[in-house]
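S.K.: Based on the sequences and whatever the hints tell you, model everything.
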Amino acid sequence: MFTFILNHCLTGIFCCPLLTALLLVFVPRNYRVIIRAIAILGTFISAALAVYMFCRFTPGAGGYQFESRIPWVESLGISYHVGVDGINVGLVLMSAIVAFAATLCAWEIQTREKEFYILLLIMSGGIMGAFASLDLFFFYFLHEFALVPTFIMIGVWGRGERKNFATFQITLYLSIGALLALIGLIALYVQSGANTFDIPGLIAYAKNNPLSVSSQNFIFPLLLFGFGILVSLWPFHSWAPLGYGSAPAPTAMLHAGVIKKFGLYGLIRIALPLMPVAAHSWMTILSWLCLGNILYIGWVAMRQRELNLLIGNSSVAHMGFIFLGIASLNVIGVSGAVFIMVAHGFLAALTFALSGYIYQRAGTLEMAELGGLCRPLHFIGTAILMAMLAGCGLPGFANFVGEVTVFFGAWKQFPVVTVLAIWGALVIGGIYMMRAARNILHGPVPAKFSSLADAGLWRKLPYALLLAALFLFGCFPKLLTDQIVPDATKVVSVYQSSNLTRLNVAKPAMQTVSIANRQRAAENQ
Amino acid sequence: MNASLMTLEIWVLILGIVLMLADFFFSVSPERKKYIAYLGIASLAVMLLTILGSDAVTGVGFNGSFVEDELAIFFKRFFLIAAILVLFLASEFSDKISATLPEYYSLVIFALTGMLFAASANDFAMLFVSIELITVTFYILVSYQRRKVGSLEAGVKYLIIGALSSAFMVFGIALIWGTTGQINFNQLAAVAPQFVDNKIFLTGVLFLLAGLGFKISAVPFQIWVPDVYQGAPTPTTAFLAVGSKAAGFVLLLRVLFTAIPAVTERWADFLIVISALTILYGNLCALPQQNLKRMLGYSSISHAGYLLLGVAAISVSGRSAVMYYLAGYLFTIIASFTVIALVMRHLNNEDISSLAGLNQRSPLLATTMTLAMVSLAGLPPLAGFFGKFLLLKSVIAAGASNPGYYYLAFIALAGIVISFYYYFGVIRAIYWSKDAKDLSPITLSGTAKFSIAICIAGMIWLGTFPSVVVSLADEAAKAIK
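If you're matching them up, the sequences are chains Z and X in order.
According to this note's numbering, the first sequence holds residues 1 to 525 in order.
According to this note's numbering, the second sequence holds residues 1 to 481 in order.
I should point out that these hints are in silico values taken from the structure, not numbers from a laboratory.
One or more of the hints may lead you astray.
Unchecked claim - Straight-line distance between alpha carbons at most 30 Å, and here's what the computed DSSO-like set of lysine-lysine pairs gives:
id	chain 1	residue 1	chain 2	residue 2
1	Z	LYS163	X	LYS434
2	X	LYS434	Z	LYS114
3	X	LYS34	X	LYS148
4	X	LYS437	Z	LYS163
5	Z	LYS114	X	LYS437
6	X	LYS34	X	LYS449
7	Z	LYS448	Z	LYS163
8	Z	LYS114	X	LYS449
What the hints assert, rightly or not - Over the 10 Å line for every Cβ pair with chain X, so calculated as not near, a few chain Z residues:
id	residue
9	CYS15
10	ILE40
11	PHE236
12	ILE285
13	TRP288
14	TRP299
15	GLU306
16	LEU370
17	LEU394
18	VAL416
19	GLY430
20	ILE431
21	TRP458
22	ALA464
23	LEU465
24	LYS478
Said to hold, decoys possible - To give an idea of the chain X side of the interface with chain Z (calculated C-beta under 7 Å), a few residues:
id	residue
25	LEU379
26	PRO381
27	LYS393
28	ALA397
29	LEU413
30	VAL417
31	PHE420
32	ASP474
Think of the CB as a built atom: it goes at the ideal place given N, C-alpha and C, for glycine as much as any other residue.
M.R.: As structure tokens, then:
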């Protein structure tokens, strides 16, 4: 029994929160402590399983590990298929830890706890399942399943005057993004002709029967912009700062930290290996769009007066680095992008958790009203300072490693963009982060805040956990890079110089000449 | 002649007569009269399990006018389940109906008979008779609350537009018969290719489609829907939304793909436009609605549009998607009308705002309504998501030959996004509207809980384990030749 669970621990990791949510349906709503305890236990088990899986993972072993596969709808080629390789193993670990931390941070919710915990668990379980699944259908299905609770949580438990508008905006944007991606994914399934939703199956099939250039040119923009809207790619970002500003802290932690990475993961997992020709032609445009994230949103962040909007904007800005890494289309860049995805997951969760604590205690996040919080709140203040330093890329925190790797990767292709992005990262990021730190942490303490209570031992746990993760991967990046690099190499193998020339040579031929001719052309080279 | 093919229809007809006569033998108290409905439910359930069980007979009879194939069996199962759930709903709703109840139940059964014949219709005579049986029964069912002006108004509107569309249909059938000399679908299919350029023949087909468009409430024949849905007694509305629409679709599938495939292929663009207009009209008009039944009326137009996606795709996978989607729609729409009937039976209007505080009055009903709205909006893990997924898949697959299908997919996408607004408006009214006037708990009878449980189980089962129904729908779709 026990070995069975360990062998199928990936299924356990994401089903555990979902089953816990189902269990909570049957707990009476006035058993508040029990509800909270069950929710924490559920996410703890999945986090523990994720740590176990991460430690047992063999880097570079090839193929997928911890695989399970059950046919679901055979006539359509849909199967329940989960597994991890170097690209998603870190993401699953990050999601499970952030989900655990978010559940711990949910103590600020005082009304309708039962519904809140159920939705939070659905969100966590759904998104972990989406990261784990190797089937296109379940990949989309579980993400959508995780996304819907976000809207409800912002609508019901959100804060601020613009809550309704924020709910409306985030629902509209993310639904459009998700549906565009759905059309792209269905078109991918239909056009590939492989009659399977299995991602490894599609990639293997595409090796011998690549998608025609015209279908690639149709599908790739759908995925790029569909996923791009989900990741707040500039100029489709405006839902993010306001949405996060209005969301309750645990929701913002999970969405900004984890769910947002789905679109990026989708690009790396599906779009890059399957549509090399279209991806290659879109990447220059993407590199300029990501400058919009890094520079423009950086400037917007500098003007913010409210802490949550500032963090929200900075989280949008960080997405730019990941897009830059993807746009570079080489092993270093893509590995760096995956690394930032994991690091930023911890960081975004940490900053939103901390701002949630301040909002809970001080009742406001206006930076002009806050000040000198380091004195009453020793632990929280220090944690905020560390989070902000991590956000502007201080060595020692995981973000530094990822960002530097991305810059190395992107330097060759996009020198101008990289220079501007480095400037944005160091100078603009530094300015808004440090100004915010000065405004809220240093200086005189307003009288009404002088007696704020610092987090107790138990409440320190989520912050300590997330900080520890940032330190761990910041000081020992090898733990993660060893796992990412072999599989990132596989993802970008289609773009190796020799293969790419083959693609470019074959490009005019692809539209008219049959597959056999193309293969012959490749052999002649 | 193989009369055994019609066993089910004969038994259902006998059941309808028995229920009507049962009125004489039961005492007058309305409580007791509920047992007549339960008798009907039990008999239908037995028929579902025996006659339409796993080894249902197939074949063609009555000079090729009656066909019992996988398609017919799929839809007959569908209609029986719909009638069972509607009878549950009607027995809950009985205190609102002042006229004699058993007649209401037997009229539901007669309408069901019409639907069963529609599922098997293989020539124009059978098609017309079954449609008339359904429509004439519904004239009475719609105006059954005879002391309520809205119900009578709905009845009159349904009668006038229904009669008009029947006239169109008969005229269309006459033109088709006049040009081709054929009335049987299979025989017509053999000669139809010679007539694809015959203007009179094509006019006939167009008129016939107008009559069917009225049944499925496709634009531009949708105008009756909001008033009738709003005014009719809630069980009637539910049966109209599910049974009558599905009957229209099974006939549409037979006519388009068995009788006149040659014309259908030429009219792909026409079907694309109709589908797109129906989706946009339904969704845009549903946005400002205050009355829940009226909103569901417009939403039912938009769902007719989604279903037409699968028809317009002109492929086996498209037809199979239509059937899967209808199966999910059955449980979803009956769940929502059951909630409406139970919550609003003592109110004169069915405003969305009267759902306020429902989660305190009855958590079960609140959950049911939420699940129904989430499924109608097409979100996982419920039936609506997988249905829309299949429909979109069939449309995108057709896109390789005709780029119009890609535009259609994007219009469907726009419709889905618009629909989130009004479906979430209902959920919002249930959970976080602050002006609840009435917070008294709602007590549910055991049978109401049972039928709600069936609907919830149906929605979740179809959404998470679709393979059984998908393979049944595939078989049914392949039966259309």
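S.K.: State for each hint whether it applies.
M.R.: Structure-based check of all given hints:
no.	hint	verdict
1	Z/LYS163 with X/LYS434	holds (16 Å)
2	X/LYS434 with Z/LYS114	holds (19 Å)
3	X/LYS34 with X/LYS148	holds (22 Å)
4	X/LYS437 with Z/LYS163	holds (25 Å)
5	Z/LYS114 with X/LYS437	holds (24 Å)
6	X/LYS34 with X/LYS449	holds (16 Å)
7	Z/LYS448 with Z/LYS163	holds (26 Å)
8	Z/LYS114 with X/LYS449	holds (23 Å)
9	CYS15	holds (13 Å)
10	ILE40	holds (24 Å)
11	PHE236	holds (14 Å)
12	ILE285	holds (21 Å)
13	TRP288	holds (26 Å)
14	TRP299	holds (31 Å)
15	GLU306	holds (24 Å)
16	LEU370	holds (30 Å)
17	LEU394	holds (40 Å)
18	VAL416	holds (35 Å)
19	GLY430	holds (39 Å)
20	ILE431	holds (38 Å)
21	TRP458	holds (31 Å)
22	ALA464	holds (35 Å)
23	LEU465	holds (30 Å)
24	LYS478	holds (38 Å)
25	LEU379	holds (5 Å)
26	PRO381	holds (6 Å)
27	LYS393	holds (5 Å)
28	ALA397	holds (4 Å)
29	LEU413	holds (5 Å)
30	VAL417	holds (5 Å)
31	PHE420	holds (6 Å)
32	ASP474	holds (6 Å)
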